[in-house]
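Letter by letter, the chains look like this.
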Amino acid sequence: MSEFKNRMAAQRAILSVVNSRPRREELFGLSNKAIARWATSNGVSQDSRLHQLIESASSTLFFLANKSQEQISEDYRLASNEIASLAEEIDREID
Amino acid sequence: MHIYVFGSLCRGEISDGSDVDILAVVADYDPRLNPEEFSIYSYARLSELWREGNPFAWHLHLEARLIYASDSVDFLRSLGPPAGYSSCLRDCEKFLGVFTDARDAIAAGTKSVTFELSTIFLAIRNIATCFSLGVTAMPVFARHAAQRLGANSLDIPPGRYAILERARILSTRGKGETISVDEVALVLDSLDTIMEWMNRLVQQARHYERIQKSNGCAASDS
Chain C
1 MSEFKNRMAA QRAILSVVNS RPRREELFGL SNKAIARWAT SNGVSQDSRL HQLIESASST
61 LFFLANKSQE QISEDYRLAS NEIASLAEEI DREID
Chain G
1 MHIYVFGSLC RGEISDGSDV DILAVVADYD PRLNPEEFSI YSYARLSELW REGNPFAWHL
61 HLEARLIYAS DSVDFLRSLG PPAGYSSCLR DCEKFLGVFT DARDAIAAGT KSVTFELSTI
121 FLAIRNIATC FSLGVTAMPV FARHAAQRLG ANSLDIPPGR YAILERARIL STRGKGETIS
181 VDEVALVLDS LDTIMEWMNR LVQQARHYER IQKSNGCAAS DS
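These protein sequences, in sequence, are chains C and G. Residue 1 is where the first sequence starts when you use the numbering used here, and the numbers rise one by one after that. Residue 1 is where the second sequence starts when you use the numbering used here, and the numbers rise one by one after that.
Chain C with its partners taken away, still in its complex shape:
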């Protein structure tokens, strides 16, 4: 799978966990602005653990977007592990 599709899949996985619980407004994406809108619409504090975890996932994906091909394979493996554990943590935190 291409690096681009990997990043889309990782983003989809995080959004799937966040949006699995009904809220006033779904999380539309992992940009900072989309996260800020979701937090405001749903009354989620920016200081909350959940908000911090979602921002961490966002940073990890943006970090991957600017890597060279030589770096990407190993970095993606590490980042995919991080995304997977963030998704699990978000799932625990969201209830």
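Hints are not guaranteed to be accurate.
Just a few of them, taken from the derived set where beta-carbon distance is under 8 Å, the chain G residues facing chain C [stated by the list, open to error]: (1) Pro35; (2) Asp101; (3) Thr110; (4) Ser112; (5) Ser118; (6) Leu170.
Just so you know, the hints here were simulated from the structure itself, not pulled from any lab data. Using N, Cα and C, we set each Cβ at its ideal position, and we do this for glycine too.
Go by the hints and put chain G onto chain C.
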């Protein structure tokens, strides 16, 4: 550091929804640069994109305007033209795959519908840009590239295209009215048309690549 403007502003396509695309080229990590406000690339990574003939390299080469240089050099100009774009078919197939992943997620009942509609808009725009760069002599980098391919343009009602674009802006900039259930239904009704259009572009890209390869073989044989 070198800073460039590219995108809609450079094309004079200014609308209420348009933002300013700014590229920052840096040697190392710079904490002053917010990745949400700047497209941040290292000199090494951009040089690599140039060598690959990456569509983004062509986009910058044809559009970017220097607004700041910490030295007297226009870095992008100093790179000359990027290598020829040779991965059109692979890229078109990739964005067809991005589209089908999003379509399948919607069909499976995803709760992230706006994100998936945004992904569909991204796939449409990018396949159109790659096709225009690889197959036609008129590269189109505009947000509405799919509607500027002449006979190969995507033919869906403008209102439905506007819903997809709104989803993209919601997903990236967090701005705009949410997408209603009725609007989602309207877009879903056009997914087969979009899929057929993408398949046509892929077929043409494949045909074009075959011709290019046979011409290349003929040239090397002679």
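Quick rundown of the hints versus the structure:
1. Pro35: 5 Å, holds
2. Asp101: This hint holds: Asp101/G lies near chain C, its Cβ roughly 7 Å from the closest one there, short of 8 Å.
3. Thr110: 7 Å, holds
4. Ser112: 4 Å, holds
5. Ser118: Holds, because the Cβ-Cβ distance from Ser118/G to chain C comes to roughly 6 Å (cut-off 8 Å).
6. Leu170: 4 Å, holds
Taken one by one, the earlier hints all hold for this structure without exception.
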